[in-house]
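Line by line, the protein sequences give chains A and B. Following the UniProt record's numbering, the numbering of the first sequence begins with 1 at its first residue and continues without gaps. Following the UniProt record's numbering, the numbering of the second sequence begins with 1 at its first residue and continues without gaps.
A hint or two may mislead.
Simulated crosslink set (DSS-like; lysine-lysine; CA at most 25 Å straight-line) [as the list claims (entries may be wrong)]:
| id | chain 1 | residue 1 | chain 2 | residue 2 |
| --- | --- | --- | --- | --- |
| 1 | B | K842 | A | K689 |
| 2 | B | K666 | B | K617 |
| 3 | B | K458 | B | K270 |
| 4 | A | K859 | A | K833 |
| 5 | B | K736 | A | K860 |
| 6 | A | K270 | A | K298 |
| 7 | A | K617 | A | K666 |
| 8 | B | K842 | A | K754 |
| 9 | A | K754 | A | K717 |
| 10 | A | K422 | B | K842 |
| 11 | A | K360 | B | K360 |
| 12 | B | K736 | A | K736 |
| 13 | B | K736 | A | K776 |
| 14 | A | K422 | B | K736 |
| 15 | B | K736 | B | K666 |
| 16 | B | K754 | B | K689 |
| 17 | B | K754 | A | K666 |
From the derived model, a few chain A residues whose C-beta atoms are all more than 12 Å from chain B [claimed, not checked]:
| id | residue |
| --- | --- |
| 18 | I338 |
| 19 | A584 |
| 20 | R870 |
Hints in this document: simulated from the structure, not taken from any laboratory. Think of the CB as a built atom: it goes at the ideal place given N, C-alpha and C, for glycine as much as any other residue.
Number of protein chains: 2
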Amino acid sequence: MPINKVEISTLPPGHGNHKEDSPFLSTSDSASKRSDYYDKNLALFEEELDIRPKVSSLLSRLVSYTNVTQGAKEHEEAESADASRRQSPNMGTLMGVYLPCLQNIFGVILFLRLTWIVGTAGVVQSFLIVLMCCSCTMLTAISMSAIATNGVVPAGGAYFMISRSLGPEFGGAVGLCFYLGTTFAAAMYILGAIEIFLKYLIPQAAIFHPADIHAGSGAMLNNMRVYGTICLSLMAVVVFVGVKYVNKLASLFLACVIISIVSIYAGAVKSIFHPPEFPICMLGNRTLSRDLFDVCGKTVVVGNDTVPSQLWKNFCSSENSSSAHCDEYFLHNNVTEIQGIPGLASGIIKENLWGDYMEKGQILEKASLPSVDVHGSMETFGFYVSADIATSFTLLVGIFFPSATGIMAGSNRSGDLRDAQKSIPIGTILAITTTSLVYFSSVVLFGACIEGVVLRDKFGDAVNKNLVVGTLSWPSPWVIVIGSFFSTVGAGLQSLTGAPRLLQAIAKDNIIPFLRVRDLLIYDRKKIYQMNTPHLFSPWCFSSLQYQFEFFLMCYLFVNLACAVQTLLRTPNWRPRFRYYHWALSFLGMSMCLALMFISSWYYAIVAMGIAGMIYKYIEYQGAEKEWGDGIRGLSLSAARYSLLRLEAGPPHTKNWRPQLLVLLKLDEDLHVKYPRMLTFASQLKAGKGLTIVGSVIQGNFLECYGETQASEQAIKNMMEIERVKGFCQVVVASKVREGIAHLIQSCGLGGMKHNTVVMGWPYGWRQSEDPRAWKTFINTVRCTTAAHLALMVPKNVSFYPSNHERFSDGYIDVWWIVHDGGMLMLLPFLLKQHKVWRKCKMRIFTVAQMDDNSIQMKKDLATFLYQLRLEAEVEVVEMLVKDRHSLIRMGSLYSDEEEETIEVLPEKNQMTWTSEKMEAERRNRNNAPENFRELISIKPDQSNVRRMHTAVKLNEVIVNRSHDARLVLLNMPGPPRNQEGDENYMEFLEVLTEGLERVLLVRGGGREVITIYS
Amino acid sequence: MPINKVEISTLPPGHGNHKEDSPFLSTSDSASKRSDYYDKNLALFEEELDIRPKVSSLLSRLVSYTNVTQGAKEHEEAESADASRRQSPNMGTLMGVYLPCLQNIFGVILFLRLTWIVGTAGVVQSFLIVLMCCSCTMLTAISMSAIATNGVVPAGGAYFMISRSLGPEFGGAVGLCFYLGTTFAAAMYILGAIEIFLKYLIPQAAIFHPADIHAGSGAMLNNMRVYGTICLSLMAVVVFVGVKYVNKLASLFLACVIISIVSIYAGAVKSIFHPPEFPICMLGNRTLSRDLFDVCGKTVVVGNDTVPSQLWKNFCSSENSSSAHCDEYFLHNNVTEIQGIPGLASGIIKENLWGDYMEKGQILEKASLPSVDVHGSMETFGFYVSADIATSFTLLVGIFFPSATGIMAGSNRSGDLRDAQKSIPIGTILAITTTSLVYFSSVVLFGACIEGVVLRDKFGDAVNKNLVVGTLSWPSPWVIVIGSFFSTVGAGLQSLTGAPRLLQAIAKDNIIPFLRVRDLLIYDRKKIYQMNTPHLFSPWCFSSLQYQFEFFLMCYLFVNLACAVQTLLRTPNWRPRFRYYHWALSFLGMSMCLALMFISSWYYAIVAMGIAGMIYKYIEYQGAEKEWGDGIRGLSLSAARYSLLRLEAGPPHTKNWRPQLLVLLKLDEDLHVKYPRMLTFASQLKAGKGLTIVGSVIQGNFLECYGETQASEQAIKNMMEIERVKGFCQVVVASKVREGIAHLIQSCGLGGMKHNTVVMGWPYGWRQSEDPRAWKTFINTVRCTTAAHLALMVPKNVSFYPSNHERFSDGYIDVWWIVHDGGMLMLLPFLLKQHKVWRKCKMRIFTVAQMDDNSIQMKKDLATFLYQLRLEAEVEVVEMLVKDRHSLIRMGSLYSDEEEETIEVLPEKNQMTWTSEKMEAERRNRNNAPENFRELISIKPDQSNVRRMHTAVKLNEVIVNRSHDARLVLLNMPGPPRNQEGDENYMEFLEVLTEGLERVLLVRGGGREVITIYS
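Generate the whole structure from the sequences, applying the supplied hints.
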């Protein structure tokens, strides 16, 4: 037996479409070893042991299987080709998860923007911002841990988790978005690195220089383009040379970050005793931009002269101190110098507790300084430090949030981890805890050490273009500058190595056709970087960094969603080893992700969702035929169950009545549908909506007929597909067909979704057949439907009914409304007319006026009634007076009033006839053979039967006369006789009643109202 | 027969919970006239005619009913008391719908804000704004028309439509919000009227005056409070005196509006030939506020002296023209005067085509004028006309939208309309068309006639505080001022009369308990106004006018939703006489409403939705027991159908396997559940999730047992409620119980929601019973489940199973894993442990090692396997070696290896025994009566049976030995013998196997994997 490779298949061969087969042994495999199982000890189970594995033999194979590298079989197979090239996964929690997470989470924001956030929002609100972002990621990490410990997680991380929990569509969409986000993140890191490089490290290296102080962004962008290309090329080289170098470099870079952070703490501590010297020059309470003058004062003493300083020259029109026209604000306010870093002991934190949100262009002011409130001219505003954008709490949240992302860095390496299920939760949660603590303490330290105007000074204009956080650090600002530069480069490298790995995992699953490139399946870094590169340097990339966070947040959202859904659905398979999750936490995390998405920018959020939605639809449209057992199926199940239970709460209102059909089909000997037009009719009646159950009965013994049942169900389903009937199929095996039908009528449907109407074929050959079962089954079914309070429809001559491709371009659907048993007769033509076939038919309603009826009033009333019902129909009242012999004669009847008691009808044994000439002949025939009919009704030759037959004949005459050219005639179906003896007569009545009509639908109401005039 | 009042009830007495009964006749009513129906002509249908009305007699009664005042019966009844006081509904389309709509739609916005909107957004974008808002209301009107023409619409308008289409919860929530919106609207109209009154009509009337020019809002607010109270009191008097006066006043007010609009058109036409004189004074390109100076020039000539003008004094520090220190901008720019209304022929429209969105405080500038670009000092900014708020496209949409609302004014009067179904669509759509045309033309005319800076001048500061639109009108601005004042007052009156009518309609439906005040049910205007009044003058009202539009929009949204849902669901009852609707239009309208809600202000939108949500939940919680046949039921049906069809697509993945139970219950003679603990066990196993179908069989003939079926279904449902089993119940009638069970197994469930596991009780008395059917039914069911590939669970001694209230605080659930038939044995304890009863039990897995097994390795393997499955369980491997005679003896067995061939088991006739002492005794007994057993197996005394019995005895010993103190023992159930002759032996084996155990669950897998190590 192979150790690393086990033959795997599920036990019954019919369940072959599970791609991830279970790790149990197949029958065929063990059949040869049957002798093993005939162990005397377990003789009681010997029949099971024939087909099922014994526990002991199973276990030994099982464990050798599960010792194989973690990973779904699919992944294994795909990778087995170059397995030799791959190193076995051997990374631990520290190197594999904790450190990568740490490095990804710490980023540019901590060094470049956190001081500014603390200054603008104040310590308290900054704390809140950090808390929000960190708790969002922490909640996501908890959800992720639960998913990651619920079974094997091979490569693919977040993508794998989402796709296996929520299905390939969601997985693919979110995975691809996450890939894009990671790519964008790499771009952001590179840009951050260049910003540090050009602004703080070597400003001389800038190639393009701003034309004037107010227009710096254009030149900066060009610089970034050039250096970005260089930087990316360098990184690509590093990555191309080898991932192991990246990992080695990563450690180096991470060391830089840690040193930087330590130097901040050291600086803070040092500031207690010996705060660093960073003086800021203030004019009144306004902060002056330091780089545009030298001495902080209105005058300088050169030799013995007091001459105007550089500052003076900036604000006044001439150097002459007396005659010059100076800015009003400059004139009225003094120049002072204050300490930029008062230090931890100074109590500056009191000033920084509450925020100072600024408008765009607002000058940074220190409220506690004295100032004469003059506006001053606008021209001088360039000399002050001013806000470059308007700020608000939500904006700051959006700016800070990116520094909490990166928590997937560990789980995305799941393929390289020794024990992913252990390392991911511990590593990720520890990394988040560490970084959160650093952020929280930094917020407090910054607020406690640094002067407010310096904090709010985004680009360090007041401190000589120094990095603000660098001014605090000890021993030197350069530690921070260099540290943050390397940290950023390192994070960029991490993203660049992570992104293609993600893409590869998606491509391997074969769910996205345009990724189904053979090359991608090989772990070919070069190709994938070539794919990545254009993203980075396309011009739109620079403006769409925002998408990165939206994509990340979307991914987090779906991780939370997957966890919440699975917890709430309580799938038996949801047994995470990580226990500290709760659906409420996941739900909270989900809400926070959604809120953050919209807070940071609602339009980007919508666009990002739109992109994800399109990918989803694309994958769905491409028909990803993956069955990974996603939670969506569980959702469907829950939805179905909930809806059905809800439906069951009460009987439906008349307004909501719609025919829910149970179509009883007859199968022929080869298990084919005998009258497919029954299904055609059903599909035309439903026009795609509501419930249709197709039932059929196989005569036999259930224990032996399982195969037959399956086959006929398949046959019926195929026919349903052809006839476009959306619905369910139910074939039962019964010893008698009659009993089977009775059971179908009783037990089809579920909960609130039960049929209320039975559609049954006419037993065409009943007269010819020697076997009385043919019509006994029919009448029994009619009785059953009545007993079960169901409506009944019997389409007669169903083979003449139109197919779904025919289109009636004119003609009528005629309703003969004789008894009102719920209004179904009126509703059916309306429903049929929803279908293309019948759309152009018109509806006519005939009703029968009798002796004492005022037929003119009746017609008027009927028209009003139909108006109220919002039905369009022609209305006709047919007078059928027994007394009016002339009319009967006019209608072609040959027998007179006197013959009424001895009415004669011939039980026809020949075929149906459809021409009126033939009918005439028939009728004449009947006259000639009255004995025959008497014989028939001699079973119980009472008055009632005679009267019934009389009605049937007369009604038939009237109907044929008026509706012979109708496309369809709907007719009340009389009820079967109370005692079974009259059954054969009843069949005869029905034949007579419908004779000479091409398509007849006999309708029997279920005893409740189905149509109403109310809305 | 009464003409106006007809006895109404549905036909079968069982369907009594429809509040809106159908207008058909009851049986009892027509029973006395049975003789009528025995008409010879319709003898065929005489049985139907016994219980169902004949068409002719039905019709005559029907029409006299439908001639009664429109309105649901409920409404009629409530109102019948004071019917005499009420005038019959007699309003036509023009007076009842068109004019009220017109008046409600035209409002303050047209006169007060449209010029400003045109100026700010430009003609093109204003056109777009108007188009958006008007098309939103037009789409809503289309949806509303469809709903209104789908049956009778009594009083209540929008509320009635939504509640009858989407249910009482939605209806109540939206209706109440709409009521609030209408109340707020009244407040808005009153405030608008006061603004016009105080600003343009009689500014002298102001009681409070602003302290300085920059702080006008506080005083204005106080003025509004005082005048608002006065105005409302006046209106209340008018309304209280009589609605008919309101209607008469309304016509007067509407005339004012129309005259105003005509005067605008007239003014526009006149401006072609003779534009009105409204000069505007400009400094540079800045607009000067006209009311702070007299002459538009830097100097004035008084006599022969050129002296500084008022304007000069404003901008300069002293009157001395030479030495004064003047504002820089004033110094460098010239004062010019331009024409405010250049007129239609001037081509000014080119300048006004594109908008000029302003920041707050930005000065209105005319770009085409020359200007020296100096900033000037801030102190002088008060002399210019500046924007009071920052504007954007979305803000303007939010400001304009209210002037498109009011489209419900007609439909809310549905109770007073002669033919609501005709009037509502025509009147509403015509009114919207009219107003839209007026708005579109106004936008163009304003843009074409008026100077841009005047348009952007919100309060007419540049034109001497005139109403800007008034400056255009002809013959006098006063026409507009007075017209707009009366228009506003009129609309306020309309709202005040409309709101209580709406509240009354809601209160009548009794769905909101706090409205269930008896007084409200009387048409008592006074009371309702007292209720309205506090809303109007509570301080928060002034700040929450925004909610009005949110509420209106929400109402529109739901009208659209109701139309879309009903169209998409294709309810047969959805047959609107208005044909020009489409679900896509409704959907578009819905989306626009939602978009507008969020565009105008997203936080108000969320709050409004929150309020509506709370009302919804309140109504739901109060349990509105209204069944109006809402569309939600149709949605449930569609959802259920869709989910079931989706589920059917493929067999579920192993990951998603969960037991879907079919619990077979036995009923006793009184149709009570015999073993309710079966349901308890099912509920514990499901813990509220997944499918449970409870099936039972009644022996008999279906045609006669309908009542019995219903009764037993009810009994089972009650028991299910008690035992908290959420699921479905299915009772079938069959001639043989065995057949009934076979049918249940075959045909329960629907589509993808089929049972996969059968739970069946043990046939306890089978040994005592003479009737072999007791155990034959059992074995047959076992065979059926096997044939249908279902799993089977047989809880033995189910009466000893814990109730739902018990809590096991310790103990074990023991699994005896002998054959692996899908892993169900391992899954079941996990599922049980989800329930409170079993939560604290621990799981133990025993497996049996045999001769050649390495039991230490097996234990290790099993532990690994369970780790992979994420199941926590103790693992034990029990060695059961035949060779090891000592162990057998140690376990208390008395018979040796040699006895194996003639093993003796006594068929016990006495009760089960549970102590091991008793068991010992039993076993000894058996030894004494070996003949008995031989007799038993003499049916087919083959080796196999002997071996089986041997296994049973030995296994039982091992199990009892290890698991005698377990809370529950799970055990593989051996399969039944292939040929039926061994059936009785089989029963005996099972008895022996499970003997001496308190609670045993025999489990037989369905032949497919149910547990997996994958996530």
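ask   = Are the Cα atoms of K842 (chain B) and K754 (chain A) separated by 25 Å or less?
value = 42 Å, violated
query = Are the Cα atoms of K736 (chain B) and K666 (chain B) separated by 25 Å or less?
reply = 14 Å, holds
key: Given pair status - K617 (chain B), K666 (chain B), alpha carbons within 25 Å   = 40 Å, violated
query = Does the structure keep K458 (chain B) and K270 (chain B) at a Cα separation of 25 Å or less?
reply = OK: K458 (chain B) and K270 (chain B) at ~24 Å, within 25 Å.
ask   = K754 (chain B) and K689 (chain B): Cα distance at most 25 Å?
value = Roughly 14 Å separates the two Cα atoms, so the pair holds.
query = CA of K422 (chain A) to CA of K842 (chain B), is that 25 Å or under?
reply = Roughly 24 Å between the alpha carbons, so the hint for K422 (chain A) and K842 (chain B) holds.
request  = Grab the minimum beta-carbon distance between I338 (chain A) and chain B and tell me whether it stays above 12 Å.
outcome  = 26 Å, holds
task = Would you assess whether R870 (chain A), listed as outside the interface, keeps its beta-carbon beyond 12 Å of every beta-carbon in chain B?
result = Per Cβ check, R870 (chain A) is inside 12 Å of chain B; nearest 4 Å; violated.
message = Does K833 (chain A) sit within 25 Å of K859 (chain A), going by the straight-line distance between their CA atoms?
response = The given pair, whose Cα atoms are some 23 Å apart, holds under the 25 Å limit.
ask   = Keeping to a limit of 25 Å between CA atoms, is the pair of K754 (chain A) and K717 (chain A) held or broken?
value = Answer holds: K754 (chain A) to K717 (chain A) is near 19 Å, not above 25 Å.
ask   = Taken at face value, is the distance from the CA of K860 (chain A) to the CA of K736 (chain B) at most 25 Å?
value = Measuring from Cα to Cα gives roughly 55 Å; hence the hint is violated.
25 Å limit on alpha-carbon distance, applied to hinted pair K736 (chain B) and K776 (chain A) = Judged against 25 Å, a Cα distance of about 21 Å means the pair holds.
Checked against the numbered hints given earlier, the structure breaks hints 1, 2, 5, 6, 7, 8, 14, 20 and satisfies all the rest.
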